[in-house]
Amino acid sequence: MAEPFQHILVEAKAGYAVVRLNRPKVLNALNGALIGELVIALEALDADPTCRCAVITGNERAFAAGADIGEMAEAEAIPFLLNAQFAKWDRFRAIHMPLIAAVSGFALGGGCELAMNCDLIIASETAQFGQPEINLGIMPGAGGTQRLTHAVGKVRAMEMILTGAPITAQEALRAGLINRVVPVELYLREAEAMAARIAAQAPVAVRLAKESVLKALDASIADGVDFERKNFFLLFAGEDQKEGMRAFLDKRQPHFEGR
Amino acid sequence: MDENQPVLLTEQIGAVLTLTLNRPARFNALDDDLKDRLLAALQAASGDPGVRCLVLAGAGKAFCAGQDLNFGDDLRPERVGDTVRRSYNKIARLLYGMEKPIIAAVNGVAAGAGMSLALACDLRILGEHSSLRLAFSNIGLIPDCGATYSLAHLLPRGLLLEIAYTGRPIEAPEALRLGLANRVVADADLTSETAALAASLAARPTRALGLTKRAVNRAANSTLEETLEYEAYTQEIAAGMADFQEGVAAFRAKRQPRFEGR
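First to last, the protein sequences are chains A and B.
Start counting the first sequence at 1; every next residue gets the next number (my numbering).
Start counting the second sequence at 1; every next residue gets the next number (my numbering).
One chain only, chain A, in its complex shape (with noise of 0.2 Å):
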């Protein structure tokens, strides 16, 4: 990628990108400018045919610890409101391509918001999620309310929203919010793994399945299942399709071409 970026290191691999949140010395604090880099960064990989999913991770220390708080220590409500503080954020919905989380260490405040904005978690063995805010007299700003209900039910969301406390990768895990828990040599191993495997299934089949997984978070069921039924039938005027269900008939393995 010809982008020169200071806070985030993005790598190639076959058929998906590793992007790595590179501020070790801040435990990777999110601030402005690095999340402008990464939405760029995942934008630019979105429209690369050749890239068809995206890990993003940051060190075995810490996935974000949150916040750059030096940054908004002295901010004010009304230029936050005109300048659309958390604006950038909302580009990672209409990334198409799936976005896996690699966590380990902390995942806090805008990290652990960071994640959930990924379609999955992998987390190491000593990652913690949590929402801290609430101990800096603020609260969660970039969707943590919303998606950590939605990932872990409102009783849940509410100890940790309310009181600040994190929880562990395991506690996370029978809680729904993350898919699996590796020992913590092999959390990016792991993701990379699921993404190669998700890179090698039908792109457009994979972008409406996401993409229909999305909706029941903010549709009725009926509309999620229209939804879900335009997707399904939109498929059957691809090639991927045709190849795919052939390859089934013929025993062999599936070519995608994702057309």
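Among the hints, a few may not be true.
[What the hints assert, rightly or not] Using C-beta positions, here's what the derived DEER-type ranges look like: (1) A:T168 with B:E78: 48 to 54 Å; (2) B:N89 with A:L162: 22 to 28 Å; (3) A:A216 with B:N182: 36 to 42 Å; (4) A:G153 with B:T148: 26 to 32 Å; (5) A:P79 with B:L228: 41 to 47 Å; (6) A:T50 with B:R204: 34 to 40 Å; (7) A:M139 with B:A25: 35 to 41 Å; (8) B:S46 with A:L162: 41 to 47 Å; (9) A:P79 with B:V80: 49 to 55 Å; (10) B:N221 with A:M139: 49 to 55 Å; (11) A:E60 with B:N182: 31 to 37 Å; (12) A:N135 with B:G167: 56 to 62 Å; (13) B:N89 with A:V26: 36 to 42 Å; (14) B:L224 with A:M139: 39 to 45 Å.
The hints are simulated quantities; they were obtained by calculation from the structure and are not laboratory data.
In this text, a Cβ means the ideal position worked out from N, Cα and C, and glycines have one as well.
The hints should help you fit chain B onto chain A, whose structure is shown.
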């Protein structure tokens, strides 16, 4: 008691670190200072790749008499809960979680939290006249510092509850028979026998032993299916270590391996 003596002695010989509880006049009872130092020493050892085996021992006649009860204020119920969380739970978590072998060398009595500490170690060597005393119920408390967990994995439930309810001492021969002690040795040989075992374990592939401990901890709370999957993960990690290369090379060359713990 000599006020200048540190309450926790640390001595490293080769890759073996020995932590000795050193309040002999109080039978090494655990006060805040000793618990803080023990916790700090365990944290340091945990992160030190130069330490490949840990020994926990007691100075003088006893291993450890448990919680020092001369601590006034902290006997208030809410303080007791905090004390357990702040010190004992962290110590037990480290003994269980530290990915290197830990041996308790039990000289004399290990009572209350002292017994819990010995149980939270991976292996226990007892002097022939030593004993384990789960004395908590004698003063109206419950076994803490991980003892209910440790014993649930070491003993059948009926036996565990009998020992917890009665608080009766378990002398070394019974401890050996029940599997609470790995070995019982003559009192005079405890230090040398422990040192020999520790040195031999410290020369083994430390990361593989640590991953074994991690997998065993995990298996204690998992289904067969989860355990099998976890073994595959941890084996993948072990196979990436230099010690695995050395182990295979030595096996093929029919020579003794020289493991470096990485």
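Hint check:
1. A:T168 with B:E78: 48 to 54 Å: violated, 24 Å
2. B:N89 with A:L162: 22 to 28 Å: holds, 24 Å
3. A:A216 with B:N182: 36 to 42 Å: violated, 55 Å
4. A:G153 with B:T148: 26 to 32 Å: Holds, since A:G153 and B:T148 (Cβ atoms, about 30 Å apart) stay within the stated range.
5. A:P79 with B:L228: 41 to 47 Å: Given range 41 to 47 Å: violated, Cβ gap about 56 Å.
6. A:T50 with B:R204: 34 to 40 Å: Roughly 47 Å apart at Cβ, these two residues miss the hinted range, so it is violated.
7. A:M139 with B:A25: 35 to 41 Å: violated, 54 Å
8. B:S46 with A:L162: 41 to 47 Å: violated, 33 Å
9. A:P79 with B:V80: 49 to 55 Å: At roughly 50 Å between Cβ atoms, B:V80 and A:P79 fall inside 49 to 55 Å, so the hint holds.
10. B:N221 with A:M139: 49 to 55 Å: violated, 35 Å
11. A:E60 with B:N182: 31 to 37 Å: Given range 31 to 37 Å: holds, Cβ gap about 34 Å.
12. A:N135 with B:G167: 56 to 62 Å: Cβ of A:N135 to Cβ of B:G167: about 43 Å, so the range 56 to 62 Å is violated.
13. B:N89 with A:V26: 36 to 42 Å: Roughly 30 Å apart at Cβ, these two residues miss the hinted range, so it is violated.
14. B:L224 with A:M139: 39 to 45 Å: holds, 43 Å
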